[in-house]
Structures are given as C-alpha cells and as structure tokens.
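Produce the complete structure using the sequences and hints provided.
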Amino acid sequence: MDRQILMQMMAQSISNVFETAFFQSVEARTIDGDILSQMPPSEKLTGACLAFSGMLSGRACILSPDSWLRQTTADFLGTDAQAITEIQKQDTIKEAINMIVGHMFSLIETSADIKLGIPALMSDTALSREALKRLKGQALHIFTDYGVVVTAFDA
Amino acid sequence: MSYNILVVDDSSSIRAIIKKIIKVSGFDVGRFLDASDGLAALSVLQTQQVDLVLTDINMPNMNGMELIESMNRAENLAGIPVVVVSTEGSDKKMKEALNKGAVGYVKKPFVPEEIKRTLNKIIGVGDGSANFDADDGAIDF
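First to last, the protein sequences are chains G and H. Using this note's numbering, read the first sequence as starting at 1 and increasing by one per residue. Using this note's numbering, read the second sequence as starting at 1001 and increasing by one per residue.
By construction, these hints were calculated from the structure, which means they are not laboratory data. Every value quoted in this text rests on a predicted model; they were computed, and no experiment measured them. It is possible that some hints are incorrect.
Keeping only pairs whose Cα atoms sit at most 20 Å apart, straight-line, the calculated SDA-like set for lysine to any residue is [stated by the list, open to error]: (1) H:K1107 to G:Q12; (2) G:K115 to H:P1060; (3) H:K1107 to G:H141; (4) H:K1107 to G:D113; (5) H:K1107 to G:T125; (6) H:K1095 to G:I108; (7) H:K1020 to H:G1104; (8) H:K1020 to G:G78; (9) H:K1107 to G:N16; (10) G:K115 to H:V1106; (11) G:K115 to H:K1020; (12) G:K115 to H:K1095; (13) G:K115 to H:E1113.
What follows is the structure, encoded as structure tokens:
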C-alpha cells in the first residue's frame, strides 16, 4: 500500500477522531526533520503505540506534551483539568492512538483483514530524545487548540 | 424496569464516558457495573444480575468477541443483550460481532447520540433530558 495514501488516511483519521472525541479542530503537517521541533523543550512527554498485523503490519505512535494531554483528558471526561490523574491521562493517550488507528483502517478498506493490538505506553527509554530521533517511519505534526502532538506511522 | 448495565473496556476513561452518556440520556438504570476485560466481565456476570452489556473488542486477557462466545455457551448468560463499542470499524468485524449474537455495534470515536440511539432500540427510549448537539457531539449536562 502506498505510504503517501496511508499518511493521508492517517491525517484524515486524526482529524475525525480529534473533532469527534476531543472536540478539537486540527491541522496535520508532514514532518521532514526533527519530530520534536514543535514540542515545548522542557515539558514532560507521554507517548503510546499500537501494533497491528495482517494485510499490513507495523505500529503507530502518538507523542504529546503534558499540557495537551491534561487539557484534552479534561475535555474528554468533562471534568476540571486540575483534577485529572496520571491514570486518566494514560488512558486518554492510549485511547487516542487506538481510535486513530482503528478509524484509519476503516477508512482505507472496510473489509481489510488487519488485527489491532492493545495500545501500550512508551517507556521512559523510548521517550528519550535520542530514541525519538531514531523513531522509524513517517510522522505528522498535529496542530491543535492546545498545542502540537506528534504521530508516527511505520508499516 | 430498571436495567443493570455492565460496561467492559480496558480504558477507565471510556467506561466513565459511556456511563455518563447513558446516565444523562435518562435510561432507567438500576446499577452500573464495570470490567476491564472479558475475563473480569465473566466474573461479574456470574455473580451479579446484569441486563445489558456494552463491550470493547480489543482488550487484554479476553477480548470482546471471546466474551460474547463465552456468554453464548453459558445457559444463564446467553440471553443477555450485548452491544459492541469498538475502534474496529471494518464491515467484516461488525458482521462477525453481529453473527456471534451482538445486538448493536457502535464505532469509536462515537458521538453520544449513537450510544443513545443504539440503546433506545434495545431497552427503550430515554427521557430526552440530555441535550446532544448534532454538530459536535458535545453533551450539555
């Protein structure tokens, strides 16, 4: 499957998921250089990945700064941002990649035989700047109401 | 009749959102019950009175499809209606779930109205107290 088409479908999926689940309009731009170039340099990052297999195999990841994740979780749950817990933030980012990938494959081929895995948080090691520079595949910067999120897709 | 509803999802956030939607939709709910995977759901089903199950598909330990199969094999659980709420959006997966006995299928991401509409068909109309905005799916509480 053409990578360009996959990235277009991923951008479309991100737009649909963010608007429906998180009430945010977004703009997705392909990243050519450093995937962290638009991220706040001193802010804690949280990431989650989802593996998939079958007709197409690989994984997709999402990486977000803490401020985005806290506010998005608050909107998602309809509660105050200051009351949000770590577990709730982790649930939100895992659910985000789950919905993005699931929705993307439903856009590409409705009868596709692709098995989705269980979303998992990225470890501290995987979130180090050195490791993130080695993240394979194509990536998108997602410009949202609450800052920039990165998604990467390797298939 | 009030309904005891079991919500099965490995995301506590999704469980909370689904329960909130059902609550504000005005359905006559007796008790909400939770489970984070199919195995935990079976344990709840064997010990509690449950009238309706909403379940995700992709979960650790036992997925939603396996949960439906297990319920079908258990005489006391086979008649409980199951609604699938999942990111798995392919026609194939939806047909598979419905063939196994699911009575409804809601794709994630969903707007609250989709949950309400699906449950209306199964357990009757809510009281309409929730104001679902058709444009953005937001709920006015």
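Violated hints - listed by number, lowest first: As far as the earlier hints go, 3, 5, 11, 13 are violated by this structure, in ascending order.
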